[in-house]
Structure formats: structure tokens, C-alpha cells
Amino acid sequence: MSLAQYALNIGLLVFILASNVGTREVTRRRLLQPLVLVAVAAAVFLRDVPTLGNDGRLVAVGLVAGVMLGVVAGLLVTVHERSGSLVMTAGTAYALLWVVVIVGRVLFAYGADHWFTGWIRRFSLENRITGADAWTAAFIVMALAMVVARVSVTWVRVARARRSRRHSAVAVTA
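Everything in the sequence shown is counted per the working numbering, starting at 1491 for the first residue and increasing by one.
What the hints contain is simulated information worked out from the structure, not anything from laboratory work. For each residue, glycine too, the CB sits at the ideal point set by N, CA and C. Please note that a few of the clues may not be correct.
Stated by the list, open to error - Ranges of calculated distance between the beta carbons of each label pair, as one might list FRET restraints: (1) 1541 with 1583: 33 to 39 Å; (2) 1571 with 1617: 46 to 52 Å; (3) 1504 with 1570: 22 to 28 Å; (4) 1492 with 1650: 41 to 47 Å; (5) 1573 with 1622: 49 to 55 Å; (6) 1518 with 1497: 42 to 48 Å; (7) 1645 with 1620: 44 to 50 Å.
Work out the full structure: start from the sequences and follow the hints.
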């Protein structure tokens, strides 16, 4: 992993925590912005995803792991009404999940280059993974899937809260 990639991961962590931890008003922009960023990141970083050997399976594992982690992240965001508008709140558990995932990804990349290079090489050979590009693609797909899944879960919770508000308003006026 290059210095720029380390910086990108740390920057991503700071952005996620700064823009999500705490209580924020639910807006269309708040829900769409992460999806736009994922689309841009996918276009930039996933141009040549390796598909030889079991590279596709490794990327699929990254996808599944990302979706699962994203669902957990989404469930750690509460959506509720405050002062007549919907807000979403993400706290310590949400922040801790993102820290563990991103720092874990950085430590894995560092370890693959410095601590357990031989193990990664052997594992890759034994499992027909063609190299570092496959691992990189799997981790990028995992990160992007995590964001999409988190936003999707939050979107569903917002829709439910809006539906509940409409039903409550109808009940009050009836």
C-alpha cells in the first residue's frame, strides 16, 4: 500500500466520522452524497478488477463482508423525530465499527507488505489468487459495499419513520 493509499484510508475514516457521528437532520443530500462518492470511487479504483483464478471469488467475499458490515453500521444509526423533523444519530458503536474496519484494512495491507508477506503469497498461490491487485479490489469492493449497505439500511429506516409520521398525523386528525 502506498503512502497515498494510507492517507486516503485515514481521510476516509475522518470524513465518515465527521459527517455521520452525532445527530444530523435527514436530508436527501445526506442520503445521496455517499452513493455519489461510491460511484466516483468505483469508477476511479475499479477499472481493471482481476478475474483470473479465484480472484472473482475473493472480490465476492469482499462484497459479502462489506454488505454485512454495512448492514450492522446501518442498524447502529437510529432515526427518530426531533422538533418536527427526522434526524439520524450515530454514536460510539458506529464510530468504533468504522475505526475497526478501516484500521483493520490498513493493518492488513501493511502486514501483507511487512509482517506476513510469505503467508499471503502462499495463501494466494494455494487458492489461485493472482496477486495484490485481487486483494486490493476485494478490499475496495468491501469498502464501497459497506457504504451502500449502510445507506440502504438508513434509507429504509427513514422511509419507515416517515410512514409512521404520516399514520400518526392521520390518526390525530381523524
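Results for each hint:
1. At roughly 36 Å, the beta-carbon separation of residue 1541 and residue 1583 lies within the given 33 to 39 Å, and the hint holds.
2. Look at residue 1571 against residue 1617: about 50 Å separates their beta carbons, and that is inside 46 to 52 Å.
3. Distance hint for residue 1504 and residue 1570: a CB-CB separation of about 26 Å, consistent with the stated range 22 to 28 Å.
4. For residue 1492 paired with residue 1650, a C-beta distance near 42 Å keeps the hint of 41 to 47 Å intact.
5. Checked against the hint of 49 to 55 Å, the C-beta distance between residue 1573 and residue 1622 comes to roughly 50 Å, which is consistent with it.
6. With their beta carbons about 30 Å apart, residue 1518 and residue 1497 fall outside the hinted range of 42 to 48 Å.
7. The beta-carbon spacing between residue 1645 and residue 1620, approximately 36 Å, falls outside the hinted interval of 44 to 50 Å.
In summary, the numbered hints that this structure violates are 6, 7.
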